[in-house]
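Chains as they are written, first to last, in this note's numbering: chain A, 235 to 553; chain B, -4 to 286.
Note that these hints are calculated values from the structure, not bench results. The beta-carbon is built from N, C-alpha and C at its ideal position, and this holds for glycine as well. It is possible that some hints are incorrect.
[Said to hold, decoys possible] Among chain A residues calculated to face chain B with C-beta under 8 angstroms, some are:
(1) 350
(2) 413
(3) 527
[Said to hold, decoys possible] Straight-line distance between alpha carbons at most 25 angstroms, and here's what the computed SDA-like set of lysine to any residue pairs gives:
(4) B:84 to A:535
(5) B:29 to A:336
(6) B:29 to A:427
(7) B:83 to A:422
(8) B:83 to A:531
(9) B:83 to A:429
(10) A:511 to B:112
(11) B:84 to A:511
(12) B:29 to A:430
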Amino acid sequence: MRTNAVFPGLIVFVLYLAVPVAVGHIDYVMSLIIAALTIGGIAVAWALLGNLGGMVSFGHAAFFGVGSYVSALLTLDAGWPVFAAMLAGGAGAVIASVVTMPALRLRGPYFALAILAFAHIFRILATELESITHGAGGLLSIPVLPTVAGFDLGTKIGGYYVILTIVLLAMAGYAWLRQSTMGLALLAMHDTEDATRIVGVPSTRLKALMLVVSAFITGVVGAFNAHQINFLDPDYAFSGSWTVLPIVAAIFGGYRTISGPLVGALVIYLVDQLVFKEFLPHGHEIILGALLVAMIVLSPTGLVPLVMRMVTRGRHAQA
Amino acid sequence: MFELTLQALYSGLLTGAYYALVALGLALVFGTMKIINLAHGELVLLAAYVAYTAESQWGLNPLASIPLALVLVGFVAVAVYLLVGRIKKDRELNSLILTFGIGIILTNFVLLVWSADIHSTTTTWFQEAVVVGDILYSSRSEVLFFLISIALVFATWWWLTRTWYGRAIRAVSSNRDAAMLMGVNPRQTEVLSFVVAGVLATVAGIAIYTGQVIQPSLGLALTIKAFIITVLAGMGSIPGVLLGAVLIGVIEALTVTYLSSSLQEFTGMVLFLVVLLLRPQGLFGFGARRG
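Turn these sequences into a full structure, and let the hints guide you.
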C-alpha cells in the first residue's frame, strides 16, 4: 500500500524537477519530450474511452483537430487569451463529440468506423469552410503560451510544464472516474451491457459521458499543440498520425491501466523519432503497425501490466 | 443539365459495381467471424500494385496478372485470418486494433516498395472511350469491370444460397454452435470466407488500376467506403450491398458534377450519418435482436 503512494509521488517529482534540470537547456530534446507528452495526452483520452466506455475509436484526430482549430481561431481572429481559448478548444471538441453521438447507437466495430468517418468529415470541412478556417492554406503565427507570474510559458520549459500538467490532470480525472460508482457501472457494462441496463444503469448516457470527457481532453491537448507549434493546416490538424500514435502508445503501455498510455507514448514516440525514422524516413509507421499487431497477439494487456507482474513475481520469490 | 445528370448516374452505376465487390468481401468476413477486417481495403491495394509491377516490369496485361495477384492477396488474407485467430480475450475490440495494425503495415509496405507516386495502367486499350447512345461516356475498363463485378456479385450470391460451402458460411454466420453440431467445420468456413473476400478484393484492385489511379492512401479510404456501404445495406443482404454500392457511386458522381470533387467523399458520409440516425438497421436490412 505504501509503495502505491510513494512511487507515483516520486515520478511526479522527477517529471517536474529532474527532467527540466537535466535536459531543459537542450531545445531539441525538450521538443521531443513535449511532442511525446502531447501524444501521451491523446493516448490517455483514448484509453479512457476504450477501457471505461468499451469503445475503440479510430477518429481521435477529429477531436484533436477541432480543439486546435477552435483555440487557434479564437486567439487569432477574436483576440481571446490563450488559456481561455484552449478551454474553448476542449469545449469545441465536446461539441464535435456530441455531433458524433448517433454513432453510440452502434456497437463495437460500427462505432469505431463511424468515428473514423467523422474524422474525415471534419478534415474536409476544415478545408472547405474557407471563410472560417482560412482553408487549405492553414493558419500561421498562432500566439504562443503567455507569461504567467513572471514565468514565460512560451519557452520550451514552460510548454513542458503546461502539457505535463494537462496530461497529469487528465490521468487524475481518469483515475477518479474509474473508482467512482460510474466506473463500477461501466465495468459491469463491459461484461454484459444488456444485463446492466436491466438493473437500471443508463448505459448509453454513461458511454456518451465517457466520449465527452475523452473528447474534451483530446481537444485541450490539440489546442495546446496549436499554440506550441504555432501553425495549423487541415491535413496536419486532422492527420491520421494523431490517431495511430496514441493507439499504438496506449496498447503498448497497456490501455487498461492509468499510467500505461503515458509510458507507452514516451517510449513509442521517442523510439519512433530517434530510431525508426533514422532507418526509414518514409513508411516508418510500418514498425508501429507491426508493434500493434505483436502486442495484440502476444500481450494484449500491454507492457505495464507485464512488467508489474514480473516485479510482483520477483518480490514473492524473495519473500 | 439533364445530360450531365444522366452522365453522373451512369458513371456512378459503373463505379458502384466494383465498390460492391469490396463491400461484399468485408460483409462476408463480418458474417462468419463477427469482425470488421480493417485491412480489407489494403488487400485491394495490394492486388492493384501487383498488377502495376507485372505490367511495368514484364509488360503483362493487367487482366493476366489476376492469378498472380490472387496468390499474394490470398496469402495475406489467410495470414490475417491466422493472426485474428490468435486473439483470446476481448475479441471484438482486439480484432479491430489488430486488423487496423495490419492495415498500417500493408499501407506502409506499399509506400516503401512502390513510393507515394500515383500510378495507372499503360495499356491504352482499357482507357479508350465507350459511348452509349451518343451521350453517355465511359472507358472500356469501366464497362468491362462493371460487367465482371455484376457477374461476380451474382455468382457469390448463387454460391452462398445454392452450394454446400456457401450454405455452410451462412450457417456459421447465423449460429456458429448450431452449425458445428450439423457437421460444419467453422474454422474451415472462416478461412473460406477470407479467401472469397480476397478474390473479390483482387478483382476490385485490377478494376481500380485499369480504370483510375492508385496510391497508398487508397486502402483505408476503400475500407471506410465498404463499411459505409454495408451500413447502408444492412448486414446480411447481398442485393442490399449492390444497391448500397451503386447508391454511393451515384451520390459521389453527382457531388463531383454539381458541387466539387473535393466533396466527393463528404456527401457519402453525410448520407451514412443520416441513415445511422434514422434507420440504424440499414436501408435494406432488418433490425437485429439484442441479448
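Right, here's what the structure says about each hint:
| no. | hint | in the structure |
| --- | --- | --- |
| 1 | 350 | holds (6 angstroms) |
| 2 | 413 | violated (22 angstroms) |
| 3 | 527 | holds (4 angstroms) |
| 4 | B:84 to A:535 | holds (10 angstroms) |
| 5 | B:29 to A:336 | holds (22 angstroms) |
| 6 | B:29 to A:427 | holds (18 angstroms) |
| 7 | B:83 to A:422 | holds (20 angstroms) |
| 8 | B:83 to A:531 | holds (9 angstroms) |
| 9 | B:83 to A:429 | holds (23 angstroms) |
| 10 | A:511 to B:112 | holds (20 angstroms) |
| 11 | B:84 to A:511 | violated (33 angstroms) |
| 12 | B:29 to A:430 | holds (23 angstroms) |
Of the numbered hints given earlier, the model fails hints 2, 11; all others are met.
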